[in-house]
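> On the provided structure of chain B, position chain Z as indicated by the hints.
One-letter residues, chain by chain:
There are 2 protein chains.
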Amino acid sequence: MSEVEKKSVGIVHTQTIRLIEPEQPLKLECGKTLAPIDIAYETYGELNEAGDNVILICHALSGNAHVAGLNGPDDRKPGWWDIMVGPGKGIDTSKYFVICSNFLGGCSGTTGPSSINPSTGKQYGLDFPIITIADMVKVQKILLDKLGIKELLAVIGGSVGGMQVLQWAIEYPDFVKSAIPIATTSHLGAQSIAFDAVGRNAILADPNFAGGQYTDEKGPDRGLAIARMIGHITYLSEQGMREKFGRQLRNSDSYNYDINAEFSVETYLDYQGQSFVERFDSNSYLYLTKAADYFDLEKDYGSLKKAFAKTKCRFLIISFASDWLFTPVQSITMVNALVANDKDVSYCDIASPYGHDAFLLEPEVLGSFISGFLDATHQPEVKKNHTGKRIQEHAQIHDLKQAHRVRVDYDVIESLIKPNSTVLDIGCGDGELLANLIADKNITGKGIEVEQDLVLACVNRGLSIIQHDIELGLENFADKSYDYVILSQTVQTMKNTEMVFTELLRVGQKVIVSFPNFAHWRCRAQLFLAGSAPVTKQLPFEWHNSPNIHCLSLKDFDQFCKRLAIKVEKKIPLIKTSRSPVRFAPNLFAEQVIYVTSKE
Amino acid sequence: MSEVEKKSVGIVHTQTIRLIEPEQPLKLECGKTLAPIDIAYETYGELNEAGDNVILICHALSGNAHVAGLNGPDDRKPGWWDIMVGPGKGIDTSKYFVICSNFLGGCSGTTGPSSINPSTGKQYGLDFPIITIADMVKVQKILLDKLGIKELLAVIGGSVGGMQVLQWAIEYPDFVKSAIPIATTSHLGAQSIAFDAVGRNAILADPNFAGGQYTDEKGPDRGLAIARMIGHITYLSEQGMREKFGRQLRNSDSYNYDINAEFSVETYLDYQGQSFVERFDSNSYLYLTKAADYFDLEKDYGSLKKAFAKTKCRFLIISFASDWLFTPVQSITMVNALVANDKDVSYCDIASPYGHDAFLLEPEVLGSFISGFLDATHQPEVKKNHTGKRIQEHAQIHDLKQAHRVRVDYDVIESLIKPNSTVLDIGCGDGELLANLIADKNITGKGIEVEQDLVLACVNRGLSIIQHDIELGLENFADKSYDYVILSQTVQTMKNTEMVFTELLRVGQKVIVSFPNFAHWRCRAQLFLAGSAPVTKQLPFEWHNSPNIHCLSLKDFDQFCKRLAIKVEKKIPLIKTSRSPVRFAPNLFAEQVIYVTSKE
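Top line first, the protein sequences correspond to chains B and Z. Following the numbering used here, the numbering of the first sequence begins with -18 at its first residue and continues without gaps. Following the numbering used here, the numbering of the second sequence begins with -18 at its first residue and continues without gaps.
Misleading hints may appear alongside valid ones.
Since the list gives no way to pick one copy over another, a pair counts as held whenever it fits inside one copy or between any two copies.
[What the hints assert, rightly or not] Below are the DMTMM-like pairs computed for lysine to aspartate or glutamate, each with C-alpha atoms no more than 20 Å apart in a straight line: (1) Lys280 to Glu224; (2) Lys399 to Glu30; (3) Lys225 to Asp277; (4) Lys551 to Glu395; (5) Lys399 to Glu279; (6) Lys476 to Asp450; (7) Lys476 to Glu452; (8) Lys8 to Asp239; (9) Lys293 to Glu219; (10) Lys476 to Glu432.
Keep in mind the hints are simulated off the structure, nothing from the lab.
Chain B with its partners taken away, still in its complex shape:
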């Protein structure tokens, strides 16, 4: 058995069952009814005794139920997410029971516009009722009920699959324990609708479309190919296309000087268009893009905050930095709405050059996030001393930054936090302090961190962690929503200190801040006597490579608090060798200091 075979789910068969009988048609969101409804699905792995290891995968626009493995011994092409689903992979089929069904309106076994309309005996075509993402999810729920599934450990999907994930989390809060919407959005923007509309136009303009009543032999193939080409460009990034194709010519080094396709990227698109025509149905394309265009959680529920209000699951939201179809900003909007509802949400914008399609092309990083999150959800004890392989690598690579992250103040900060309180840790690093606080003091906490590898470490620990730059403020965190906000060894590296502080004091009952004292006697002496910018153990950097962009002392911070009417509840000047506060002339002798502050 080869390594590839070992990591494959092997040979699987797509199953099809009748979900909706002709006598009891399904009421759709558009008001019409549909019956019968058949559904095609595949499963991988095994349901455990507790029935708590079920993962539902929702596929994207052009996907189908065949996620992983091969459909027969002669099948050469594994399922569309084979790199992610299998034994030991991101979605580990040796642990989890994985289900995926072809969605309603599809053309790969589930009832859709190419199915036979029982009232005419011909294919539905444009007589098929408009379906929505909510309809698709409703049908998936009926399937799971039929299969005897009692709860979902996770619903996972990218792009249009991610929309279904969101719909699942909202509509079935008691059924779903966690949701991983990837590279998706709560609604399409004007640009995405525009691309979809042009694609539909191309199909409708094809004379072979014949009002939707085309045949297998003579369909709107050219129109569908053009629609696919447009879509395909939006799935890639400019950088990705440049690196893959550039201006490479198909055949020679010099131009042919004729009107035909000549650049490699043209040939590639032609191929994408052609191969799509062979496996996809034009009517389905019309209906499915329309379903995506209609999807709008804000419109459906009044606001995104209201949409998420009744969710109960953990969320891991993932975007990709180069995705310009469903952009990181669209994911962040959802994160903000979940935060405003005080939900358990983690978020990372994964650095990738592959654009929207990165959810199919970044198995390693994405797989690490998914597997860490699934494990933490399945076995939810917070890992106090966890350090994964990636974090160790990270520490080596970024030793300077890591050095800066050495937190001699953690013990003292921990002693200041009351048990069972709520804590927001800004710049939480790999989540050590938060994990300790959860384990030792039973707090409820959330972390904010910029670096992707540290965000992953926090996900692996089972923490709720949001990738975010605090310099942008804390939009959507409610006033006084945390007992404590912690800012450890960060204030001296911030640009917008005043704005950030105002934000922290708005969100936290108390803000605990620690920083190195720039007026420590060693610093003073270096500047006064030697005339040099201070370099000490607490301020270990030379002037030109320091991440510390502000120099401040206890006195400076006192004045800052006074000016902004911030109440200093406690001030704990520290030297490294002792946890006891410095009592005499702290601004002279303290190497660092911890403040507990508050504001009405």
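Frame of chain B, contents of chain Z only:
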């Protein structure tokens, strides 16, 4: 006469003349010949006696010769760049004589694929030879020769028009005094080729295309409309579309639940497609997008540096921040190639939400740049004491930043510069120092500045100015290419100090750097005695709002130079009240300091 009429060129008529007679066909780049060739053009303003006020405008893909004014008393729609061209406008027709011709291959009066093929008596269609940007420019040159034009003050154009501008500057170095390529590129990337290819596919897939031999009554209208829709999306930005359309519905507040166009953006695209079909020819669309795809200065000349090697004109390169079709990076690549050739190039990336189409929609800002550059080129004396309206506004708005820019060290720095030398001023602000040096010492200079309004001020002064963040280094500035590189009052605000300094010393024979002395006695006293971060006249900011992210003293800089083996040629410690250097204990008494440094 209304204000609008006063600022209009009034009624103009498109003229058409025969440029190429059947007997003497034009040899095209593809190797084929073409004859006859007629060309349509318009002119505005008057040729002056010196014949030195001629501006050629090159239009973009779907443009034509009708740039400004109306084509008749009943004409309701002014020319495509009427907001830019007219008396008192960005391209001022009361000063300049402006010409624009419909390019070769077009469908608005100039010979193109919809013209009659003399050998068949039918329209050319796909028998028209492939034309290139170089062919278009060649034909424009023949027109100008025929009109008796001896030189061009400027060639201006956006998008595909910008490609013609680049070709003009390269092919006719002695004919062109300045070039303003806007929102353009030296070659299309894979993504742009892909969009063009899909558009062409849509036209070719339309059964009415009939191999290019369609009629006016029955042409590939749906295909052309789809091509235009795709193009149109790429001309806008995601932000622009979101703000203009969002998810607004055409008719009602609720969905129709049918397959037809329903969102406003769909209706808008339908309209754009339809109106384009009424004024444009499908064959022209095929040939012109192909010409754009073929355009590749790197391929044609071996490299972009080689392409620009023989140019003699001044360049003003403009990009728009939200343009994702021809991105700012593509403009910067051209700027770098011109810099590597030591050419007179200015560059600004204009902040605009309008995407690629911003060149048609930002008349105020773009007009200021163009008019300032044209005036400075037409009357090339450097303006020493120029402060334009915008700069005064800027000073009011950004008073803090401006305060930071007060340069008490300018006089001393000027005294250090030898006459007739070359100077690169990093962070040159509104160009005061450079202008003084040019006026007083006859230096040749270039400025680098980040802020758009200050870049504009420099353009208005007639300086060569590149918008650039020095933290990114000085890629493509050759080793030792300037006698002096000046970095005035900036070192303490930089993040990558060591890298930047290494770059400056690579590019300059000497680097003159000035900064505030953090070890001045007032600073020392404040930290030593009061324990506060210093706030003085030279360091006027509190710790939390300071742009000065590094604190350094003379001693610190001495050590920095020693470590990097930088030779300190001169060190001039200064106090504000005197231009004489501080002689006693400079690290204690100097408020600021000027260093002259160098490195082998």
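> Against each hint, give a clear statement of whether it holds in the structure.
A quick look at each hint next to the structure:
no., hint, result
1, Lys280 to Glu224, "between (39 Å within a copy, 17 Å between copies)"
2, Lys399 to Glu30, "neither (39 Å within a copy, 87 Å between copies)"
3, Lys225 to Asp277, "between (34 Å within a copy, 18 Å between copies)"
4, Lys551 to Glu395, "within (14 Å within a copy, 53 Å between copies)"
5, Lys399 to Glu279, "neither (38 Å within a copy, 66 Å between copies)"
6, Lys476 to Asp450, "both (11 Å within a copy, 18 Å between copies)"
7, Lys476 to Glu452, "both (7 Å within a copy, 17 Å between copies)"
8, Lys8 to Asp239, "between (54 Å within a copy, 16 Å between copies)"
9, Lys293 to Glu219, "neither (38 Å within a copy, 33 Å between copies)"
10, Lys476 to Glu432, "both (18 Å within a copy, 19 Å between copies)"
Taken one by one, the earlier hints fail for this structure at numbers 2, 5, 9, listed in ascending order.
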